[in-house]
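There are 4 protein chains.
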Amino acid sequence: MLTIKRLGIDDAYVLIAGARAKAQEIDVPMCIAITDESGNLIAFERMNGGKVTAITLAIDKSFTAIGIRKGTHLLGDANQPGQPAHGISSALGGRMVAIGGGLPVFAGEEVVGGIGVSSGSPAQDLSVAEAAVQAFAASQGK
Amino acid sequence: MLTIKRLGIDDAYVLIAGARAKAQEIDVPMCIAITDESGNLIAFERMNGGKVTAITLAIDKSFTAIGIRKGTHLLGDANQPGQPAHGISSALGGRMVAIGGGLPVFAGEEVVGGIGVSSGSPAQDLSVAEAAVQAFAASQGK
Amino acid sequence: MLTIKRLGIDDAYVLIAGARAKAQEIDVPMCIAITDESGNLIAFERMNGGKVTAITLAIDKSFTAIGIRKGTHLLGDANQPGQPAHGISSALGGRMVAIGGGLPVFAGEEVVGGIGVSSGSPAQDLSVAEAAVQAFAASQGK
Amino acid sequence: MLTIKRLGIDDAYVLIAGARAKAQEIDVPMCIAITDESGNLIAFERMNGGKVTAITLAIDKSFTAIGIRKGTHLLGDANQPGQPAHGISSALGGRMVAIGGGLPVFAGEEVVGGIGVSSGSPAQDLSVAEAAVQAFAASQGK
Numbered sequence: 388m389l390t391i392k393r394l395g396i397d398d399a400y401v402l403i404a405g406a407r408a409k410a411q412e413i414d415v416p417m418c419i420a421i422t423d424e425s426g427n428l429i430a431f432e433r434m435n436g437g438k439v440t441a442i443t444l445a446i447d448k449s450f451t452a453i454g455i456r457k458g459t460h461l462l463g464d465a466n467q468p469g470q471p472a473h474g475i476s477s478a479l480g481g482r483m484v485a486i487g488g489g490l491p492v493f494a495g496e497e498v499v500g501g502i503g504v505s506s507g508s509p510a511q512d513l514s515v516a517e518a519a520v521q522a523f524a525a526s527q528g529k
Numbered sequence: 388m389l390t391i392k393r394l395g396i397d398d399a400y401v402l403i404a405g406a407r408a409k410a411q412e413i414d415v416p417m418c419i420a421i422t423d424e425s426g427n428l429i430a431f432e433r434m435n436g437g438k439v440t441a442i443t444l445a446i447d448k449s450f451t452a453i454g455i456r457k458g459t460h461l462l463g464d465a466n467q468p469g470q471p472a473h474g475i476s477s478a479l480g481g482r483m484v485a486i487g488g489g490l491p492v493f494a495g496e497e498v499v500g501g502i503g504v505s506s507g508s509p510a511q512d513l514s515v516a517e518a519a520v521q522a523f524a525a526s527q528g529k
Numbered sequence: 388m389l390t391i392k393r394l395g396i397d398d399a400y401v402l403i404a405g406a407r408a409k410a411q412e413i414d415v416p417m418c419i420a421i422t423d424e425s426g427n428l429i430a431f432e433r434m435n436g437g438k439v440t441a442i443t444l445a446i447d448k449s450f451t452a453i454g455i456r457k458g459t460h461l462l463g464d465a466n467q468p469g470q471p472a473h474g475i476s477s478a479l480g481g482r483m484v485a486i487g488g489g490l491p492v493f494a495g496e497e498v499v500g501g502i503g504v505s506s507g508s509p510a511q512d513l514s515v516a517e518a519a520v521q522a523f524a525a526s527q528g529k
Numbered sequence: 388m389l390t391i392k393r394l395g396i397d398d399a400y401v402l403i404a405g406a407r408a409k410a411q412e413i414d415v416p417m418c419i420a421i422t423d424e425s426g427n428l429i430a431f432e433r434m435n436g437g438k439v440t441a442i443t444l445a446i447d448k449s450f451t452a453i454g455i456r457k458g459t460h461l462l463g464d465a466n467q468p469g470q471p472a473h474g475i476s477s478a479l480g481g482r483m484v485a486i487g488g489g490l491p492v493f494a495g496e497e498v499v500g501g502i503g504v505s506s507g508s509p510a511q512d513l514s515v516a517e518a519a520v521q522a523f524a525a526s527q528g529k
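Protein chains in written order, with the numbering used here: chain A, 388 to 529; chain B, 388 to 529; chain C, 388 to 529; chain D, 388 to 529.
In short, the hints are calculated from the structure, not lab data.
Everything hinted at is true.
As a list, the in silico SDA-like pairs of lysine to any residue whose alpha-carbon atoms are at most 25 Å apart:
{"no.": "1", "chain 1": "D", "residue 1": "K457", "chain 2": "D", "residue 2": "Q521"}
{"no.": "2", "chain 1": "A", "residue 1": "K457", "chain 2": "A", "residue 2": "A522"}
{"no.": "3", "chain 1": "A", "residue 1": "K392", "chain 2": "A", "residue 2": "F493"}
{"no.": "4", "chain 1": "D", "residue 1": "K392", "chain 2": "B", "residue 2": "L389"}
{"no.": "5", "chain 1": "B", "residue 1": "K438", "chain 2": "A", "residue 2": "V498"}
{"no.": "6", "chain 1": "A", "residue 1": "K392", "chain 2": "B", "residue 2": "K438"}
{"no.": "7", "chain 1": "D", "residue 1": "K392", "chain 2": "D", "residue 2": "E517"}
{"no.": "8", "chain 1": "B", "residue 1": "K392", "chain 2": "D", "residue 2": "D397"}
{"no.": "9", "chain 1": "C", "residue 1": "K457", "chain 2": "C", "residue 2": "V499"}
{"no.": "10", "chain 1": "D", "residue 1": "K457", "chain 2": "A", "residue 2": "R482"}
{"no.": "11", "chain 1": "B", "residue 1": "K392", "chain 2": "C", "residue 2": "Q411"}
{"no.": "12", "chain 1": "D", "residue 1": "K438", "chain 2": "C", "residue 2": "L479"}
{"no.": "13", "chain 1": "C", "residue 1": "K457", "chain 2": "B", "residue 2": "G480"}
{"no.": "14", "chain 1": "D", "residue 1": "K438", "chain 2": "C", "residue 2": "V401"}
{"no.": "15", "chain 1": "B", "residue 1": "K392", "chain 2": "D", "residue 2": "I391"}
{"no.": "16", "chain 1": "B", "residue 1": "K438", "chain 2": "B", "residue 2": "A510"}
{"no.": "17", "chain 1": "D", "residue 1": "K392", "chain 2": "B", "residue 2": "I391"}
{"no.": "18", "chain 1": "D", "residue 1": "K392", "chain 2": "B", "residue 2": "G495"}
{"no.": "19", "chain 1": "B", "residue 1": "K438", "chain 2": "B", "residue 2": "V401"}
{"no.": "20", "chain 1": "D", "residue 1": "K438", "chain 2": "C", "residue 2": "E424"}
{"no.": "21", "chain 1": "B", "residue 1": "K392", "chain 2": "C", "residue 2": "N435"}
{"no.": "22", "chain 1": "A", "residue 1": "K457", "chain 2": "D", "residue 2": "G480"}
{"no.": "23", "chain 1": "B", "residue 1": "K392", "chain 2": "C", "residue 2": "M434"}
{"no.": "24", "chain 1": "B", "residue 1": "K392", "chain 2": "A", "residue 2": "G436"}
{"no.": "25", "chain 1": "B", "residue 1": "K457", "chain 2": "B", "residue 2": "Q511"}
One side only, chain C facing chain D, incomplete, derived with CB under 7 Å:
{"no.": "26", "residue": "G395"}
{"no.": "27", "residue": "I396"}
{"no.": "28", "residue": "I429"}
{"no.": "29", "residue": "A430"}
{"no.": "30", "residue": "M434"}
Each residue gets a CB set at the ideal place from its N, CA and C atoms; glycine is no exception.
Here chain A stands alone, though its shape is the one from the complex:
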């Protein structure tokens, strides 16, 4: 029998608050999705002005990140022509997102959930996801 650690809804809102604060700082309204370690959605926020096409992208970035247990920007590297995983972005009906902005959330060594951010450039989306993960880590340190 397995025992699984998983983000709760309060954790999800800590992540969303951390993401929102960074998005406001860089002035890019974002779509922010939090999934659990199984890839199922826990919480979502589309800030006023977040892009319609970014809704699914944010959710799927978080799903991808918990699946690969690393940032989606790293899958982006592996998805490039010449790399052995080239074309993985088409897998799972296109749900594997090989673009920065998705990060797993860890508790110790374990992936307990993920965050996906979309509406800005891949670098902006990643910076917002990183800020969220840092805010979560800080909240755990208390």
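Chain A is fixed; fit chains B, C and D onto it per the hints.
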């Protein structure tokens, strides 16, 4: 050119808070989805214990409610055997949800968004959606 | 080798104009879709106020009508419990619409296209589709 | 509460007429799709000779353009090998079209809808979409 009114993210959280309070009162953890008047997701919360299968149901109930501009339980009546819309629940790839728990949100005569609730019985889901709409109406009255 | 008769874009606009006029008369803004005899979209209009969920329904009603070569309300009868085609509304990923509002368009004995109407009640949708077919027939009589 | 501007059906036909005129000038029959600012279809025309495979491409180019708030040819640049958004064309079940021919339609600073054109080369599709947007701008100037 048309001019449209739409829920903002603050409105969405008023709705979610209203739904959560009622869900806690009846002790059924729910999935709660808020869409805008065009059916695009604004905010989502899966309370701890909310059902995994209810995630998409909640989102699609809200989508259906903004589309039909009435509660999804009323589409349920029209979807029954012998009724002229029997089978509509299969339309749009199954996104038309003919089960209680989805309600449009009005500002005056206009649909400005929707709420979809899922995890309980259809009657419980509807009661939580109704509580959310009442909380929103009360917030607008101020 | 086969020779196929097919609605052209001018025919499609005759059908749309006929539908729009009836929709205005009964004061229900509609989504109106015209497909060719192969089920591929030729023209589409969402009148101001037409429902978002009716976009795909209108297209799929027209697709269904050219496929079954009769009105979608007749598929509705066949889709009822106890009938041998019960459940057909789930076929083709839900694209088979067993609700009134889709009609084939004939030139003589041949189906040359279809019309699908959605946003009102099934009876209203059908009346608008019928008005469109009549307007098309009148235009051919000239 | 947010207030949104959106193309109406009359605006959509101005765009279609502008696109059709340019398509006739360059002698390439096109599929032309107009969506609102939320990505939902308002109007569609397949000119006689327009390609069957271009129907969905036109609709999805318009959807993509309202989402990214710029031309789909610019997403094409970002989708190229070595670029950080490489592979984005597979996202959303393939609805993100990273090929020229989709443009947002602006009213001032605001995206109020989109146009997608398909059947020719990407450059031809883009030139037709541009002509449509110019025709719309001219109609607004009156």
